[in-house]
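Undergrad: Sequence:
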Amino acid sequence: MTNTLVNKLLRRNKFQPKGKHVYITGGSKGLGKEFAKLMASKGAHVTICARGKGDLDLALEEIKEAAQSCENYENLKFNVVSADLSKHDESIRALDEASSKHDGRVPDVIICNAGFAIPGVFIERPMEEFEKTMQLNYFGALYTIHEAAKRMAQQGVKGKIVIISSVAGLCGFMGFTSYAPTKHALRGLAECLRHELILYDISVHCYFAGTIDTPGYKEEMKTKPKITKDIEGDDKMSPKEAAKALYKGICKGNFFITSDIIGDAIRASTLGISPSNNAFLDALLCGITWVVTKPVRWYFDKMVRDNKADYPVVPADKIN
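Just so we're aligned, residue 1 is where the sequence shown starts under the numbering used here, counting upward by one.
These aren't lab readings, by the way, just hints derived from the structure by calculation. Among the clues, some could well be false.
Derived BS3-like pairs (lysine-lysine); straight-line CA-CA distance at most 30 Å [said to hold, decoys possible]:
id, residue 1, residue 2
1, 224, 150
2, 236, 252
3, 42, 252
4, 14, 150
5, 222, 240
6, 308, 226
7, 236, 158
8, 14, 64
9, 150, 222
10, 226, 252
11, 294, 29
12, 14, 53
13, 236, 64
14, 53, 252
Model, not experiment: these values are computed from the prediction.
Could you build the full structure based on these sequences and the hints that come with them?
TA: Shown next as structure tokens:
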């Protein structure tokens with residue numbers, strides 16, 4: 001009897017989407033859209049936000065279709081908001097619009113998924129790319145989170161804030177100098193918020209997703225250096241698989257969430273003083289990963305050294 005009770009407590013689902021309002025940025029494509037469909041299928045009200053109205057409207061139809069088997073379908077609200085979330089005022093307007101459909105109540109769950117990457121050789125990329133990437137990936141999330149957390153605290157909503165980072169937010173290598181720092185910054189923000197928002201009973205999660213086969217990924221491949229492609233390999237998951245992994249992690253109450261064993265190993269080895277998902281397993285995984293990654297890192301460095309000839313210094317007048 002005691003064992004049964006303990007098992008139930010350990011396996012307790014800590015996230016029940018039914019009847020909740022889930023707000024997803026970057027929700028018209030890829031992971032954002034699939035997570036929106038998953039939430040709708042579980043009886044949640046869903047609002048997705050992105051820039052392109054056409055893509056939003058197409059995604060909305062898929063979201064509605066995913067929810068049709070729900071017993072509370074007739075009472076569910078599905079909405080779209082078109083906004084440029086890299087701008088502070090647009091982020092606030094988008095949240096206002098989403099909340100207005102629910103009598104001004106802030107969404108229960110905030111998923112900050114909007115972002116992009118433009119891989120390339122560091123000294124060849126224009127500074128505008130670094131600024132643009134940081135503006136959307138980090139500040140775009142910050143603007144939404146700051147306003148949403150404030151409203152949750154003021155309205156007494158014990159909500160959830162989910163920050164979409166990346167495995168590139170746990171480690172860095174060639175080709176991602178404009179992208180990885182933004183994802184590391186999101187990890188830092190998540191760690192501070194997890195601690196501080198205990199004040200208001202707001203929970204925080206950070207998702208370190210692996211490679212996902214999305215329209216954005218296909219765009220990345222156009223500028224991605226060959227070494228970066230070789231390090232990443234061909235393994236990638238579908239947006240649907242990535243959405244399921246995220247949902248599973250939230251249900252478990254994990255602060256740091258990953259989508260595959262490699263990501264989980266890197267997570268465990270870079271925990272610092274962050275909460276572990278399982279103290280014993282994380283300690284074991286950390287030790288193994290520390291040993292295994294030494295030759296892996298050496299090999300990655302060797303790949304760069306051995307391919308210097310493929311990356312000659314480009315004259316200043318030839319750089320974009």
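Undergrad: Within a Cα-Cα threshold of 30 Å, do residue 236 and residue 64 meet the stated pairing?
TA: The hint holds at about 27 Å.
Undergrad: Is the straight-line distance between the alpha-carbon of residue 222 and that of residue 240 30 Å or less?
TA: 24 Å, holds
Undergrad: Just to be careful, I want the Cα atoms of residue 236 and residue 252 compared with a cutoff of 30 Å; is the pair within it?
TA: The given pair, whose Cα atoms are some 24 Å apart, holds under the 30 Å limit.
Undergrad: Does residue 236 pair with residue 158 here, judged by a C-alpha cut-off of 30 Å?
TA: 34 Å, violated
Undergrad: When you check the alpha-carbon spacing of residue 14 and residue 64, does it fall within 30 Å?
TA: 25 Å, holds
Undergrad: Hint check: residue 53 vs residue 252, CA-CA at most 30 Å. Holds or violated?
TA: With a Cα-Cα distance of about 34 Å, the restraint between residue 53 and residue 252 is violated, given a limit of 30 Å.
Undergrad: So if I understand the rule, the pair passes when the alpha-carbon distance is 30 Å or less; does residue 226 with residue 252 pass?
TA: 37 Å, violated
Undergrad: Can the restraint linking residue 294 and residue 29 be considered satisfied, given a maximum Cα separation of 30 Å?
TA: Distance of about 37 Å is beyond 30 Å: violated.
Undergrad: Keeping to a limit of 30 Å between CA atoms, is the pair of residue 150 and residue 222 held or broken?
TA: Measuring from Cα to Cα gives roughly 40 Å; hence the hint is violated.
Undergrad: Compare the distance between the alpha carbons of residue 308 and residue 226 with 30 Å, and conclude whether the hinted pair is satisfied.
TA: 12 Å, holds
Undergrad: Decide if the proposed pair is consistent with the structure: residue 42 and residue 252, CA atoms, cutoff 30 Å inclusive.
TA: 16 Å, holds
Undergrad: Holds or violated: residue 14 and residue 150, Cα atoms, limit 30 Å.
TA: 23 Å, holds
When each numbered hint is compared with the structure, violations occur for hints 1, 7, 9, 10, 11, 12, 14.
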